[in-house]
Every structure is written in C-alpha cells, then in structure tokens.
Amino acid sequence: MIAKLHVTKIREIIKETRRIKTFILDMKIKAQPGQFAMVWLPDVDEKPMALSYIDGYAGITVLKLGDFTKKLHEAKVGDIVGIRAPLGRGFKLRDEDKKILIVGGGIGVAPLAPLAEKAVEEGKEVTAIIGAVTKSELLFVNRFEKVGAKVYITTDDGTAGIKGFTTDAMRMLLEKETFDACYICGPEIMMVKALELARAKKIPSQVSLHRYFKCGIGICGACVLDGCGYRVCKEGPTFWDFEIEKCSEFGSYWRNAAGVKVYFKKK
Amino acid sequence: MIAKLHVTKIREIIKETRRIKTFILDMKIKAQPGQFAMVWLPDVDEKPMALSYIDGYAGITVLKLGDFTKKLHEAKVGDIVGIRAPLGRGFKLRDEDKKILIVGGGIGVAPLAPLAEKAVEEGKEVTAIIGAVTKSELLFVNRFEKVGAKVYITTDDGTAGIKGFTTDAMRMLLEKETFDACYICGPEIMMVKALELARAKKIPSQVSLHRYFKCGIGICGACVLDGCGYRVCKEGPTFWDFEIEKCSEFGSYWRNAAGVKVYFKKK
Amino acid sequence: MLNIKVAGLELSNPTMLASGIMGVSGSGLKAVAVKGGAGAIVTQSISIAPREGHKNPTIYTMDDSLISAFGLPNQGYLNYREEIEQLKDTNVPVVASVYGYGIEEYVEVAKAMEEFGASAIELNLAYPNAGKTGSFYGQSEHLTYEVVRAVKSKVKIPVFAKLTANVTDIVSIAKACEEAKADAIVAIGPVGAMKIDIYAKKPVLANKTGGLSGKCLKPIAVRCVYEIAKEVDIDIIGCGGVFTGEDAVEYFLAGAKAVQIGTAVLYRGIRVFKKVCREIESYLKSQGYSSLDEIIGLAL
Amino acid sequence: MLNIKVAGLELSNPTMLASGIMGVSGSGLKAVAVKGGAGAIVTQSISIAPREGHKNPTIYTMDDSLISAFGLPNQGYLNYREEIEQLKDTNVPVVASVYGYGIEEYVEVAKAMEEFGASAIELNLAYPNAGKTGSFYGQSEHLTYEVVRAVKSKVKIPVFAKLTANVTDIVSIAKACEEAKADAIVAIGPVGAMKIDIYAKKPVLANKTGGLSGKCLKPIAVRCVYEIAKEVDIDIIGCGGVFTGEDAVEYFLAGAKAVQIGTAVLYRGIRVFKKVCREIESYLKSQGYSSLDEIIGLAL
Ligand SMILES: Cc1cc2nc3c(=O)[nH]c(=O)nc-3n(C[C@H](O)[C@H](O)[C@H](O)COP(=O)(O)OP(=O)(O)OC[C@H]3O[C@@H](n4cnc5c(N)ncnc54)[C@H](O)[C@@H]3O)c2cc1C
Ligand SMILES: Cc1cc2nc3c(=O)[nH]c(=O)nc-3n(C[C@H](O)[C@H](O)[C@H](O)COP(=O)(O)OP(=O)(O)OC[C@H]3O[C@@H](n4cnc5c(N)ncnc54)[C@H](O)[C@@H]3O)c2cc1C
Ligand SMILES: Cc1cc2nc3c(=O)[nH]c(=O)nc-3n(C[C@H](O)[C@H](O)[C@H](O)COP(=O)(O)O)c2cc1C
Ligand SMILES: Cc1cc2nc3c(=O)[nH]c(=O)nc-3n(C[C@H](O)[C@H](O)[C@H](O)COP(=O)(O)O)c2cc1C
Ligand code: FES
Ligand code: FES
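Residue numbers (numbering that gives the first Met the number 0), protein chains in the order written: chain R, 0 to 266; chain F, 0 to 266; chain W, 0 to 299; chain U, 0 to 299.
Honestly, the hints are just simulated from the structure, not real lab data. Glycine included, each C-beta is placed from N, C-alpha and C at the ideal position. Do not take every clue at face value.
Unchecked claim - Covered stretches of chain W (in silico footprint by chain U; criterion: 3 or more residues with CB under 8 Å from a CB of chain U, positions within the stretch not fixed):
id, segment
1, 9 to 20
2, 179 to 193
3, 198 to 212
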C-alpha cells in the first residue's frame, strides 16, 4: 500500500552542524535504510527527505538550502509536520556480502548512517568514507564510529581527515583493499566518479539519487530518468550500477519543476 | 459488512406446487435460517425472498402473486438474477431448547424448512404444523419428514390433514403437549393468533414478518414498524414475542411503496 | 461542549440525520433521535401527493459508498402530519424536507410542515432522480432564488436550502440562497452516478442513474462547503460521507456549523450520531478546545 | 480480440494512459507504452510556455482514490518536441493533450503537436486547478464549441475533447463538441474536491482544492459516459477509476470505445494496462464474445 499522509509533531531537534539539523518525529516507523519521506510543512511546501532514523521514532536530517529547508530549520519541538513515509526502494544489503564500503558526501550521509547500523547488525564489516566541505560540516561520524565501522574522513579544505574529495579517499582505499559491495550517496558528480572507481574494481554498487519530486509515489512522472525510464521516487531512489548505467541523464542533467532540463555544472 | 450485489445464474428450478417454484442459484452461501435475499430480475424489479436453501447453493422458493413473481416463474435455468444475501437476522435456535414447534402457513414455510433441518442437526426434537389452502399447495412437507420432524398438516378445504387453519392444529396440540420454543411464519393474521396461543402457554416464540422492502438493508426506512421502531429488514425479519409486542402496527397494517398505511383485512 | 446554534436553532449536538434516511415514518425518525442521539432530524422529502418513487433496485452498495435512486417516495404531506406529531415528545428539532413540482407546491408543503410542528424547513433543491424538482431547481440560480424567497415569505421557521454539486458553480447558487434570505445552506446532496452490472449488462438501478453518497462524496462535499464558506455569510451544514468525528471536524474546519449523516447509518448503525459526537468531543479535548464554535472555519 | 478503432485511430487495445500521468518526459511515456502495454498514450497537458505548476503538496492519497492539483506543469511545447519524438519507435499512438489561455494558444500548441508527430490531439477542457483554461472552457457550451472548431479547422489528425463533470449538464457540452466536429469525447477529468487535515487544520494541497480521481470517480464518470452515449454519436473514451478489466467493461457497456487509465497506475503499477487487457479478454471469452466491438453500448 502507498504510505498515507500522517500529520505528526516534531519530537526532538538535534543540531548536527552549522547548516544541518536532525528532526526526530513523533511517529514510529518501519523502513529500510535509503527509503525517504515526503515532508510537509503546512503553508510552505512538501519535499523529499531521506529517513536518517528508521528504528522507532522516524528522523530526517536536513541541510539548510532554500526556502523550504530554511523554514524547517526555524521549526520548534511540538510544531506540526505532515509525513508520507516510507517511500521508495531502500538500499539492498545482500546476504553474501561480508565486507561493504559506504561513501557519503555532505548531506548524502543522511541515509547511509542507518545503512551502516543495519549492516553491522547483520554482521557485516563496514568501512565508511565520509566527506564534507569542512570539518564542522561532517555528518554522523559518531554514528558510524559507535557501531564500529572503520571511518575515513575527507574535507575539501583539509580541516579534518584527508584533504580532498571522498573519491580521492576511495581511490586510495581501493588500491589496497577490496569490498563485496559499495553504497554511495552525495552530489551527483561525486556519485558518477565513485561508481567509476567501484566499477573498475568490479564491486557491485548502489547509489542514491536526488531528483525534483512532486508526487513522490510514481504517478506524476517528474522524476523519471531518461534512457532507462525509472522513476527515482519509485524504482529508486537507490539504483544498482547496472541499472543506473542505462540512465543516460545520470551525471548530466536533472529536470526542474516544469520538467525542463537543468545541466549539472562539472566540477 | 453489508452483502453486495452478486449477479449469478439460476442453476435449477423445482416446481413445488401449482403456484410455487424453488430456484436454486449458482451461488454458494453461508446463512442462518430466516435470513433473506433481495432478488433482482433485470428489467423487472428487486424483491425480498426468504432463503429456503442455505447450505451450499442458495435457494429461494417463490409464490406466484403479482408481476415480479410471475416473471420469476417464467425464468429458465441459466437465466441471470442478482442477489444480495444473506440479509437480516435469522431465527435463533437456543441451546437450552430441546423441543421446538414450527408453524408455517402457505409460502411462510419457505424459511422454516431450513430451520427444521438445522434444529434436527443440533439435536432438537422438532414438531411442525404445515398449512395451506389445499393439499396441492402444501410446501416442503417432505423436507420436514425427511429429517424426522413430527408433521401435522392442515388445509383450509380439508383435502389433506386437519381441515382448518394451522392455528386450529396448534391449539389442539398445545392442549396435550408443551414446547420450549415456537417459530411461526405465515399470513400476519395467522401469526397474531399463533403468538397468542403460544403466549397463553408461556412458550417463547419467534415470528418472521413481511413488509414492503426497498433497500433491504436498513437505510430507507420503508419497513420500520410503528411503536417499536424496528426495521423489519435489519432488526428482523424475525422477532421474538416480547419484541413484536412493542410494535403497535403488527397485525393491523403495513405500509405500501409510498409509505401509506394499508390495513389488513381481518379474516 | 458540542451544543451549537445553527440558523437560529439550538442543537444539543451538531449531527443531524440527512433527509431520506429512515424517514418514511415517524417511528424510524424517532429511533434515530432517541437511540441514535442525533442533534436534529430531517424528514424524508415530502411532496403534495403520495408518491411511490422508483421501482427496485433503488440502491447499490459499495465498500463505503452507495448509489441510490429512490425517486423521493413519500406519503404526501397530509398523511405525514401524524408522523411529525409523533416526534414532539423527543425534544429533538425536526427539520421537514420539502419538494414540489412548481414553486407553489414547495410553498404549500412548507406551510403545512410549519403548522404540523416542524422546527425548520429544508428545501430539497438537490435530489437528481425525480423529474422536474429537487436539483431541477438547485441547478438554476434564478429558480433557487425564487423558491427560497417564496418559501421564506410564507413561513416563520428557519429555511435551509439543500444544494447539489451537479452544477458548474455552486458558489453562485449559494449566493442566490443568501440573497433570497435562506437561513442556512446544506451542502450537498448526492452526485449523479451509476453502476452497470457487467454480467447482467444493464444498469443496476431501475432508474438507471442514481446519486452517489457516502465516503466517495466527502472530498467533493468538503470542497463545496469550503468554497461556499469563503463567499457566503449564512450558516452552512455539511453533508456527504460523514462517518466519523474526524470527518465531521473536516467540515467544521471548512466552515460548516453542523453536519448531516446519511449513508453512515448503514455502515455504523443508528447510533452513528452518538459515536460521531464522542469522536468530535475527544478531538476537541485533544486539541485543547472547549467548544465546537472555536474550530468553525479554521481552515478557511 | 481487443483491437478497436477509435476516432479513426487503430488501437491494438482499448486502454490508454490518461493525461498527466508519467508524462513529464518521453521516457515516462515510453515506459508506459512499452512495459505497460497501453494501446495509446496521452501526454501531459502541454501549453505555450513552460509552467512549474503548483507547489507541493500536489497530491493526497486515499485507499483507492486521489485528490491532486499539479496545476498543469510542463516544459512548454517547444521543449516537448524531443519528448514526443522519442516515442516514434514504440509504434504506440501518441495523443497530445493541449491547453491554452485563449483559443489561439490551444490552436498554436495543437498545430505544433501535429507537426511533432502526435497521432491525435486531446483538448484539455477538463482540468479545474489552473486558472482560465481547462475546465474554464469545458464549463461553457459556447467556449467548448469555439475551441473545438478552431482546432479542428487547423489540424488534420483526430481531435478529442476531454470534458469535466463539474457542469450542470455534461450532455449539452458533449453536443457542442459533436457540432464542432470533434472526433471523440473523453469523459471525464477529475471532479473538484479537497482534503483538510484536522491536525494541521489546513487544506492539504498547496492549491487548497484539487481534483478527485480513482475509484471514487468511477460511478460519476460511468454516468457521464452513459448519458453522453445516449445523445451523441461520436466516439466516447471513458476515463475515471478504471482499475480492472471489469471497470473497463462497465465503460464499454455504457457506450465507450476505449478507456483511459490514470490513478490505477499508482495502485496496480505501470503494467496495469496489460493486466486490464487480460481481464477484458477473459471477460469477453467467458461471455462468449469474440471481439470488443460486440459489447460497446450494450447497456444503453
Ligand atoms: C530522495 C531524496 C532524498 C533527499 N534527502 C535529503 C535529506 O536527507 N536531507 C536534505 O537536506 N535534503 C534531502 N534531499 C534534497 C531536498 O529535498 C532538497 O534539498 C530540498 O527540497 C531543498 O528545498 P529548499 O526549498 O530548501 O531549496 P530550493 O532552493 O528550493 O532547492 C535547492 C535544490 O534542492 C532540490 N530540490 C528543491 N525542491 C525539490 C523537490 N521538490 N524535490 C527534490 N529536490 C528538490 C533542487 O536540486 C534544488 O536546486 C533529498 C532529495 C531527494 C530527491
Ligand atoms: C422478508 C421477506 C421474505 C419474503 N420471502 C418470500 C418467500 O420466500 N417467497 C415468496 O414467494 N415471497 C416472499 N416474500 C414476499 C415477496 O417479496 C412478495 O410476495 C413479492 O415481492 C410479490 O411481488 P409481486 O410483484 O409478484 O406481487 P405484487 O402484486 O407486487 O405484490 C403482492 C404483495 O407482495 C408484497 N410485496 C410486493 N412488493 C414487495 C416488496 N418490495 N417488499 C416486500 N413485499 C412486497 C405486498 O404485500 C404485496 O401486496 C417475502 C417478503 C419479505 C418482506
Ligand atoms: C437512501 C437515501 C435516500 C435519500 N433520500 C433523500 C431525500 O429524500 N431527500 C434529500 O434531500 N436527500 C436524500 N438523500 C441524500 C442524503 O440526504 C444526503 O444528501 C446524501 O446521502 C449525502 O450524505 P451521506 O454521504 O451522509 O449519505 C438520500 C440518500 C440516500 C442514501
Ligand atoms: C497526478 C495527476 C495528474 C493529472 N494531470 C492531468 C493533466 O495534465 N491533464 C489532464 O487533462 N488531466 C490530468 N489528470 C486527470 C487524468 O487524466 C484523469 O482524467 C483523471 O485522473 C481520472 O482518471 P483516473 O481515475 O483513471 O485517474 C491528472 C490526474 C492525476 C491523478
Ligand atoms: S515524483 Fe512523481 S513520479 Fe516521481
Ligand atoms: S427496506 Fe429500507 S429500511 Fe428496511
């Protein structure tokens, strides 16, 4: 069944970084890591957010960016939000994979933290590369460490860990170690590169995509990927390497609210 | 849940008497004796009919009277009918009753035959008084006999059994025997008299009423009884003596399709 | 906490029985008023002369909605007098639904109903399946205005106008009611609908088409109430698919002061009124309100 | 056994994707055509310039119905050219849904769509939530006539008129389409509806009101098709709450030659078209028919 709108309250707010807050909702949930919620702020808008907490009370972790996320950052405990969740297809942890690599950049770490937690619970060995622009913007490093993941940190400005991108750390790591599977979420250009690195080592990988969502449930067509015809909100937001290969727009453009293509700036 | 329309075919037609036919439907059912069906004959009408067969394929037994029942009598095996069933509240066989009396007049015997069958199955001793205008119009005598009920027959013209009404036989019977419960269905004036006889002997009794039905499910109010406010199609068609006592119109009048009162002719 | 004043009537609670449900006789209405706990009851729609209405099938049931076409059967107003009189001792206000073929007929029946003791008149300008009456009037601004005005000029008790959504613009019809000094608007009656059985290969209802009521009607009816409430100042009574207190609250937030309940009688029983009241009350408490008035129109 | 000719188009089966579903880009439509098995696909409604449509929330989901108000977002017809061109190799007819603010805009977009390779035009005279377009036209006999006539005089491919049930009398609108020489009528678009959340105490959709689609719409839409089919001779395409083959058959019996499917894509997936076709086929076989044509209009 399709998740219905559930109006609830904000139970707790955690300031993660200068621009990132986690909102724990007064709503218990059963979800897979990588699934998302449509989050309605009455009188403002409704937008997709990965579920960053999936056991017990649901949580989302939000980067302040434009109007919607700014308003959400202004919300207080007890404020009302509408939630449709869980939606989409989460990450797939395969029984046969013993040793996995997680690569998260910026706010892309949000769905990866619960993934790491679940993977460890299932007895897998987890290595994580967590990147951000600067040290103070690093997200959820403690959650990865707490479950015993081996954590590598990268910052663009070198204020913590390796100076550079997550993909730089990944390249180095893959030179000495191999993994059974790799899970990637972050800026699309980063995901393109990370996938290339994993592919070179024949590591099966999943990425989690962002596209402009309207319905969030696979009916409006706003998030359909060219080439493959997958709906990011329904068949995704997670895709395997062999799936995303068929999606010609990946790494190249997305579509805005009108459906017009917007090309990614190549870094 | 409210029984939905189920369109089915006539599986078998049994000519019971000159004016009565049984229609076995291509539709299995789970019902209580005394429950009824709304029977739709496309292009003709939809009317209430007691379920005369309730185990396996459903059956109704129809007296040819006016337009609807005439058309139904013309129907052939394989013809289509629409059924909403089971509806209403059936007869109640109480565990503590060991010896019951069934009194049926004319087409009123239709819901009583399955009642007798069920009562015997539950180990009760069944005595039945079956009445009709004349011998050839007697209904289901064989069904009562087959399960081992003690059967008394009355005909108005004396062509079979006792000459007279079912209530005449009942009066005689109650002089020498007593029963734990009594079930009555037939012309309303007969039911009034039979209830009086039972009441005099303090035998708890149930009657099954006919009223003009439209919806058959308790929403339109066509069949509501004055005095008590019961809906014959919903709280009935079966009522206990102590229930029907509160219904001032019982034995006095019914309401036609417009809701206008029509008084019974006293015999 | 649930008492409310609607169109001048003091109701002990905001749930009313909708017209055409259990209203063939006073006994059915009494059951709803007494056992059911309705704050007011609306009679079936009454005309000058007795009418049998349509043949059966008159109703088709779905999971939580109905399609029906009874064709406004009733005993005619003279016979109905004793039905209404039966209800006096319940102390529950009786709203007489009236209809006519011609404005004079509306007026004649309304006057009689006032005389028989009705607390208010509901003009049926909504019902679609009975020829040139009901929605025939409610689909025209002009006729709506004329009927309301004519009845208002002849009776002293409050007059409700029950409207249909089978119009291009329900707001303009509602405005016509306001201009004609209706005391309240009831929105809405059933929307034209039908069911064809694919095995019989025929429309199920004898009248072919019927009216949709129940859950499926609610989103349409709430929209109508909301649109009317934004433009019109007289009281509004919501009608369509109220099954629970939550449903009723949706209407109150949209601007209705009371709700009518029809189809839910089938699915939740005659006591649906009591149940809905209990649910409204627990909603109000949980949200920190102390009276129903406080939430009327909050979502406008 | 399921092939049928509708408004001059030869369809391999009578199921069409409804406008606004999966139609933002050619890729979504292609998925429906190829994986889904639709007999034809209708694009989202296309206008002159790009439009973002309404803010979210744009959709509210119920058990088997939706209330939505997307506000007709689209890329504008020039950008849409490549989307349509992508569909050529599917061999599934593409119907271009067009709308405008002004009759000239309808004409301009329709002409472009013909040029880009559309097999037919569907005039959106139905959609209620986007200002003076869509149902603004479809609610007036006169405007309906004018739009249809103007477009018919400028394009050679068949022209469908998609109508709304938010009118007093859909038959008179359908007759206007017939007079203006429309090739087919699509009945119906969503009916005006809304949802208020009782905890947020606000309308859920950003646009406040929206359109009801899905199961709840079916009884209303079947009634519209039936009423139109009795009075009008041009082809009719049923739309509203088709989830199963049985639903589709109901439309055929009511006089429709094809059906459009929208909301069911959500509840039964993209392959709903194939599933519905299989169900229609097994119905036809069970009832002893050898082609779809035999049952069209049987319940009239
Ligand atoms: C599956 C998915 C999961 C996401 N998870 C998270 C998360 O966990 N945390 C987080 O902070 N952000 C997440 N996002 C992105 C988030 O939805 C947008 O950043 C947010 O909507 C921006 O809104 P805004 O008004 O603040 O900014 P705006 O200024 O409106 O937009 C900034 C950018 O956000 C994106 N965006 C805007 N509106 C939408 C929309 N309706 N749907 C998708 N993208 C949009 C666009 O790329 C846009 O350029 C996710 C997006 C998707 C698709
Ligand atoms: C609960 C119940 C169970 C019944 N069971 C049986 C049965 O098992 N066998 C059987 O032959 N008959 C049964 N009847 C009666 C049967 O419904 C009517 O006899 C039949 O509808 C007559 O229809 P007609 O058109 O042939 O006759 P008409 O000439 O129309 O009517 C003859 C009489 O039947 C009654 N009647 C007519 N229409 C209705 C209606 N819509 N609802 C109720 N009564 C109506 C009226 O008393 C009327 O005077 C039952 C009625 C009820 C209420
Ligand atoms: C069985 C039935 C009979 C009805 N009869 C009438 C009637 O006589 N007059 C009227 O104005 N409305 C009549 N209606 C419409 C209801 O009063 C109400 O407007 C409609 O059913 C919507 O409310 P609901 O969804 O709560 O049923 C009838 C509805 C039903 C279901
Ligand atoms: C998400 C969504 C978007 C829609 N967008 C359009 C549109 O752009 N143009 C249009 O004519 N109808 C639009 N509609 C209406 C559908 O085409 C269709 O008429 C309606 O949904 C009824 O069919 P259904 O019950 O099968 O969904 C939309 C419907 C939905 C649910
Ligand atoms: S957001 Fe509507 S299909 Fe994905
Ligand atoms: S027949 Fe409608 S209430 Fe009994």
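Do the hints match the structure? See the list:
| no. | hint | verdict |
| --- | --- | --- |
| 1 | 9 to 20 | violated (count 0) |
| 2 | 179 to 193 | holds (count 4) |
| 3 | 198 to 212 | holds (count 7) |
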